[in-house]
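Novice: Start from the sequences, fold in the hints, and give me the full structure.
Sequences listed follow chains A and B, in order. The first sequence lines up with residues 6 to 108 when you count with my numbering. The second sequence lines up with residues 131 to 671 when you count with my numbering.
Some hints here could point you the wrong way.
Unchecked claim - Here are some chain B residues pointing at chain A (derived, C-beta under 7 Å):
#1 F211
#2 P217
#3 G220
#4 T223
#5 K286
#6 Y287
#7 G290
#8 S291
#9 G506
#10 G516
#11 C518
#12 D519
#13 E629
In short, the hints are calculated from the structure, not lab data. By construction, the Cβ of each residue, glycine as well, lies at the ideal position given by its N, Cα and C atoms.
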Amino acid sequence: MKLTLVTASLLLGLASTSSVNAASIYAGQAKAAAVCSQCHGIKNPSAEAPFPPLAGRDADYLKTALKQYRDKTRQSDIMNAIAGSLSDDDISNVATYYARLKP
Amino acid sequence: MNILKTPLRKSILTALAALVLPFGVQAAADNAKDMHQLFEDNCASCHGSDHGGFLAPALNSETLKGRSPTALRSLIMTGSFDTLMPPFYGRLTDDQIRGLVSHLQTTPKLANPSWTIDDIKKSIKVYVSDESTLPDKPTYAIDSMDDVIGVAARGKYGRGSGSKAVFINSTTHKQIGEIPTGTAAHIIDYNPANPRWAYIKTDTAEIFKVDLYSMQAVRSVKTGYNGPGLGVSRDGKYIMAGSFVPHNAVILDADTLEPLKTFELEGIDPDGKMVSSDSGMVIGTPFDDIFAIALENAGQVWVVDLKEGFPVTKITDVGRHLHDAFLSHGGRKLMIASYDDSIVAAIDLKERKIIKKLEAGCVPHVGGGSAVEVDGRTLGFGTNFGDCDKTVVSVWDLDKMEVVKQIPVAGGTESPAAHANAPYVAVDIISKDRRARTVQLIDKKSLEVVKTLDVGGHAYFPEYSADGKFLYVSAGYSGDEVVVYDSTSLQKVASVSMESPAGIFSHGRVRYMTRGLSPDEATAPANAPRLRPVGEMKGAK
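Specialist: Okay, here's the thing in structure tokens:
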């Protein structure tokens, strides 16, 4: 029931907005697969990996973190380089994708 | 120098050496030793312990000549997308990565390292000493052991807690057990004589004997440094393992894993050169008490009789760079892929000679191969992963030994799956772009691609459940799940999560011998009518 509700509101969210910033979980998944998953996994990072899991994290937190990495107010050699390649839409999409995954 | 150095003295010596001779011999030797260990612990399971390459490219002074150290360093840090290469950022320090790069760029490919029968013997580990304490039936609900499907999970780093064999009930798609393997599991084979035993071989040439009833490893043995070659004899008494590093093979007692005989793999290749050779496929057959093993570089297939002294019959000039193979005709015919001349050679294991060499596309990799009976003909399906203009799946008439069709597919392919009860032959597209996410389905009758499934990740190694009702596919690295489809509707029905799944092996294989044949294939009597004399022309059955 809850899942249906979430799905419904998500679909509604997708359908009701024409804003360029509308988050697309599909675009987010594609971007995650192409950019993030190498280290963070498409769902979860490797049990052996030193990278933090992203699944189920708050979408706003993820967006803020990625933007900080992008403008280098948060320091990390590797994340500064990777986030530098992401647009606002990309950030919104991948954050929404990972936030929606069950951890 | 003093051999029994304490760590302290060693570090003082190193420090002194470093002070007195910044590029001194001792410091360099210590460093090289440390770097070799780092290579062994992180890289060698894929790149080969001898720096000669294995699943992944060779890393030595020759192959890395002229490469930018900065580019190599960032490749190690971030890994390589679209390949199995993981990111080592955070796992290795920057100094270690820089050290590795310079070590690799100055180290030649090593001479064939030795791993003797004594090394094999000493490596045996016993986890369950009294096998009579094991349960006499499965400790989980399952109708038939045929329904067990095993997945070789590599783990992101090819080692560690993600590396294991995962066993699933292929009627419920629920995991029923898992066996940690330390390094990437590569091949799972089942004992044809006793359904409780499975054998898992890793990329680092360790073999685990597994009790499927209690889902635990009972013994293990290390047969070399690298190499997945593994076969089980039809009576279930012997297993044979072949290595990439070093160039040898061994026959083991399937019960105790004690080594019985080792074989040095060397011979004269099709171009007349004497070469030391990697092991390619190793296979047991329901046709006879033999093993067949491919000597990749020597282009030979050796047939080993399972009797006193394990005598060898050598079939030479089979092809240039042999790799994998599958059986047909009750296990009498062996179809073996030859990379460098893009043929599949048909071998008669009774006469022990080549029947014919058949065109096989571009760099044929037949995976486990497939054979299906359609309109009275036995058709073999062969995948190939070369990067050619024309990407095809080859279909051969295995009775007449001729090419029936080369079916155009979307890219290079690595493994075909078929089942007597399923309408499609599934092939994995592995070309390194979005196509790698897909599996294509070939209609058995029309021999045309009729559907493309977007599985996700790097989708490969399709396999049908023993009843043919479900198609399992590894979404592989960057997918981290095994996806299950209904074989007929092709609707997704389940997903099982694991790290970097690769090969999938149905227990049903021991019954149908080659995927796609009748479930009774391996148990058909040796004089059954379908064992026709080789070469006999036959239009219909």
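Novice: Which earlier hints can't be squared with this structure?
Specialist: 4, 9, 10, 11, 12
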